[in-house]
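Colleague: As you go down the protein sequences, you meet chains A and B in turn. Here numbering that gives the first Met the number 0 is used: the first residue of the first sequence is 0, the next is one more, and so on. Here numbering that gives the first Met the number 0 is used: the first residue of the second sequence is 0, the next is one more, and so on.
Which bits of chain B does chain A cover? Going by a derived footprint, with three or more residues having C-beta under 8 Å, they are: (1) 75-85; (2) 143-155; (3) 177-187; (4) 214-228.
In short, the hints are calculated from the structure, not lab data. Cβ atoms here follow ideal geometry from the backbone N, Cα and C, with glycine treated the same way.
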Amino acid sequence: MNRRDLLKMTGAGAASLLGGAPLLARPARPNILFINVDQLNATAISGNGCKHVATPNIDRLLARGTSFEQCYAANPVCCPSRSGWFSGRPSSETGAPGSILLRPELPDLGQWVKARGYEPVYAGKWHIKGHEVSESFNYLTPGMGLGEDGDGSVSRAAEGFLRNYRGSKPFFLTLGFLQPHDICYWIMRHYHNIQELPIPEIAAELPPLPPNFHFDRREPEHISNGTRAGGAAHKSATEWSELHWRYYLWSYYRHAEMVDAEVGRVLDALEDSNFAKDTLIIFAADHGEGMANHQMVIKGYLYDSAARVPMIVSWPGELPEKARVASHPVSGFDFAPTVCDFAGIEPMPKARGMSLRSLVERRNEPARDFIASEAAGHGLMLRTADYKYICYPNDPVCQLFDMKKDPWETRNVAGESKYSNVLAEMKKRQAQWDARLEKYPGAPVSNNDAGEEEAAPARKQQRTERQEKRKRRAAAI
Amino acid sequence: MAEEKVSQSWTLFLGPIRETLERVPPLDGPFDPQAAWEHKYSVCTLTPERGAKGEHPRPIGKLVLNRKPGAQGTFSLDVNFAISTRGPSGMRTQASLTCAADRLASLRKWELRSEAVEGGKPVKDTAITETAAIERGMLVRHGRRERRVSLRNPLTSNWTLMEAVQRLPFHDLPPQHFDMLEELDLHKPEQTLRPVADVHVEMGGRKVRLYGFRQLGRGILPVHYWLDDRHRLIAVTGSLRGYIWERA
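Isolated chain A (complex conformation) (with noise of 0.2 Å):
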């Protein structure tokens, strides 16, 4: 039996299940469409029940797949949790916590489908230093560091891919939007407190803010004096009033809709193309926005706000719509593997993360009991369908939160004795998972590392190298 029987019987088992849909005409190597946004919070999507936002074109994927509600991204950072994805390993492997690195040694994804007999195509926002896009994948367009500037080239340019392609392999399609990352952007242009709207007209939109806005106090130190206290973003936020929150989070929707725009652009050209029947599309964004949560601001800390993202895999007529997977934590580490899983190859090497092809077929729930998220300042998030524990070397505080019963992370319970089993058990995952990895010590650290004194020299050679390649380029011009 060959690997295309297996994947024929495999289609078979799940055809079964999806109440006899048929089994032939599922393609044994279907094209893979990824479609990832920058820092789209998960609760900011029309779909997901927000009023105050309009995201038509995500709520088709929704309505057409099945939406995993606890995904967590890898590492709440751009970077490393493209890395993640494009590697199935944590940042701590292929570079550092809070690294921009995917160490050249190690495998991309599409190098890895490539080998395999896929058409690996990409546009847009890869930001994965140590890998070049254009030697990995066959590079429409870059985009740029602006959504607003730069998602319509992405759209675009996939709707022509979509129309154009004849090749004969089947393609993993991958569309990095930046949006709604432009927030970045809104926010250094209103640091300063507002006194009153500049926007009359939108007084009566203004959403409210969360529930966690007024939160636990208890937090990592990373958290209290350095994140908080670190950047300039956060720093100006806690001089924010709540109409300047309220503000914010009326511009943050706009952003999301932004780039809902341009994902249906792509769904519409998707539709418009021969391979409408043949392709898979998975849904993600590489981390969070803060939104007020915990009177926070961009991302780079591990409350969901930031670390849990919206994740969906849809391939209308193949897989269960309008599905929901609302319990079983998963994480941007499974993101390779239910890429392989679907193309029907074998997994990339020492992926620390599962296919999520199972739970999207209902198969069966596969076997884990947490997943892990990191980030800078090596933070580490475990997360199992109960609780999320969040820690920091050396950092005498630690937080526990039971997400069932406190959903906004409002209350930390680690110091609490009925928590206690809880916590310990946290902490043995904790050795497990650390246990399972092949860290990587030497890389350089980014920016968002703030607050590690051994990070400081690189990350001043680091700015060294930047200015001295901006007056290059400037003495070029």
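Chain B: place on chain A using the hints.
Modeller: Just chain B now, with coordinates in the frame of chain A:
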């Protein structure tokens, strides 16, 4: 409207292009927005510096709008839009539109061609051609396949709005409600356009009064259109995207 009120919003909505505007010479001579004209704009990113220390527009492309009056209350608008995204990569789009000469320059029909470019050359597999028309309250698009969408509101685009605002009265205009097809493709519903207060700016060493319109709606950050007293569109500022007058 009180100018004092506007001065508070200055930094947010016009501040990013203030220095660039100062270098644009004031435009003398008549201008008839109903007649034939061609305007060229520099397309800029308006990225604030870290720490909000300042803002300097960075040119990334060109937009040329060419208007010609047409028959039976219509006009044609040719759009030539090119941006460079990163290094030698970019995207160029050309469109020929027929619009109603109404307040919103409502779309009637158009042809569009777009492609990604690398070093000035088209990137394989990225070219798109499309035609579309509004027929009995339906948007009918012919790309690879025909796609029909029923319309609930007047439909215009970001490019045609740049034509339309030049024909609008500066004051006493009730809010205009419409849907927008951004770049003739991305559907952005529930848009509103209304006048905002006038501001004085320095242009080429002279103090010039600019008249503003503000667009709000789904899928956009506030967009402001700034016109001189001849109704010539001088600049458009979105959140991070700006268009600044270059030449007629």
